[in-house]
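Engineer: The task is simple: from the sequences and hints, build the whole structure.
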Amino acid sequence: MDSPAGGPAPDAGGGSVGMPQKDGDEDSGGGDRLIIRSKVLRLEVESTPDAVTKIRDLARSHEGTVTDMQVATDTDEWLYRYGEDGAPAGDGSALRGWVTTRVPAETYEDFLAEVAALGVVKFQSEATSDVTQEHVDLSARLDNLRAQEVRLREFFDAAKDVKDMLAIETELSRVRGEIESLDAQVTYLERQAAMATVTIELVEPRAVVSPGGESWGFGEAITDGIRGAAGLLTGLLTLLIATAPVWLVALVLFFPLRAYLRRRAGRRAAPLGEPITPAEERSA
44 MDSPAGGPAP DAGGGSVGMP QKDGDEDSGG GDRLIIRSKV LRLEVESTPD
94 AVTKIRDLAR SHEGTVTDMQ VATDTDEWLY RYGEDGAPAG DGSALRGWVT
144 TRVPAETYED FLAEVAALGV VKFQSEATSD VTQEHVDLSA RLDNLRAQEV
194 RLREFFDAAK DVKDMLAIET ELSRVRGEIE SLDAQVTYLE RQAAMATVTI
244 ELVEPRAVVS PGGESWGFGE AITDGIRGAA GLLTGLLTLL IATAPVWLVA
294 LVLFFPLRAY LRRRAGRRAA PLGEPITPAE ERSA
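Whatever position you read off the sequence shown (first residue = 1), add 43 for my numbering.
If you are wondering where the hints come from, they were derived from the structure by calculation, not from laboratory data.
Even for Gly, the Cβ is constructed at its ideal location relative to N, Cα and C.
Where hints are given, some of them may not hold.
[Stated by the list, open to error] Restraint-style ranges between C-beta atoms, simulated for each label pair:
no., residue 1, residue 2, range
1, Ala264, Met112, 36 to 46 Å
2, Pro147, Asp111, 16 to 26 Å
3, Glu169, Leu276, 48 to 58 Å
4, Ala156, Asp186, 37 to 47 Å
5, Glu149, Thr230, 12 to 22 Å
6, Ala210, Asp186, 16 to 26 Å
7, Glu212, Asn187, 17 to 27 Å
8, Leu209, Glu152, 55 to 65 Å
Structural biologist: Here it is as structure tokens:
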């Protein structure tokens, strides 16, 4: 879920929103335009938990909501610990956070300015989508279907034949289903154009380690060496246990085979025609 800058991408379905624009931005029919707008900000802040709390307060003051919040360390370990104030409680390491908010489009710019004041803006991107024509087309189709529904109801009331009444009722059901579907799409676009989505990525400044410091890293090197040796011994022990059946079978076969080979070697070493005594055979 990362944004182009490395943070989480804003949800496509909850894209940000621009309210109808009236300043010389009207369509050919003279109506207001519907602009869906999304914004991504990356802020460097001193404290991620404090910034999360302030963003919540700002969204609430603009009659908006926080739809998603995540906080993690620099190693991407998610934090589920919270302080008494409800803010994420870190363990002292640098934190990163992502907050997604939805605010009324008429206060969109003011909200952005107040959020940007919480830290230093490191990255920002904005995407807009003009859905005016789509809204106009859907509304026109919706009006036509509603007029068709009225005519069908009139035909139904005037029908005398049961077969005709059933056919008209079937057509009414189909038209009513299309009306509900288009009405839901129109409502969705209007809601998208009424609220704006802003995703804020929060980062904390990382500590700068000076190469001229007092520590040369000997302690860390020794610790790492001990851990490496322990890991190697653990691996060898694991290999030994895993191959135990093989070398146990080999050990059982080794001694009889060695005795057999020694007896053969003793027979070959004896002079031809001179029998080997039982004592010599046993000693061999």
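Engineer: Hints first: check each against the structure and report whether it holds.
Structural biologist: Right, here's what the structure says about each hint:
Separated by about 40 Å at the C-beta atoms, Ala264 and Met112 satisfy the suggested range of 36 to 46 Å. Between Pro147 and Asp111 the beta carbon distance is about 18 Å. The supplied range of 16 to 26 Å therefore holds. For Glu169 and Leu276, the hinted distance range of 48 to 58 Å is satisfied, since their beta carbons lie about 57 Å from each other. In this structure the supplied range 37 to 47 Å holds for Ala156 paired with Asp186, their Cβ-Cβ distance being about 40 Å.
For Glu149 and Thr230, the hinted distance range of 12 to 22 Å is satisfied, since their beta carbons lie about 19 Å from each other. At roughly 24 Å, the beta carbons of Ala210 and Asp186 sit within the given window of 16 to 26 Å. At about 20 Å, the CB distance of Glu212 to Asn187 agrees with the hint of 17 to 27 Å. With their beta carbons about 57 Å apart, Leu209 and Glu152 fall inside the hinted range of 55 to 65 Å.
When each numbered hint is compared with the structure, no violation occurs for any of them.
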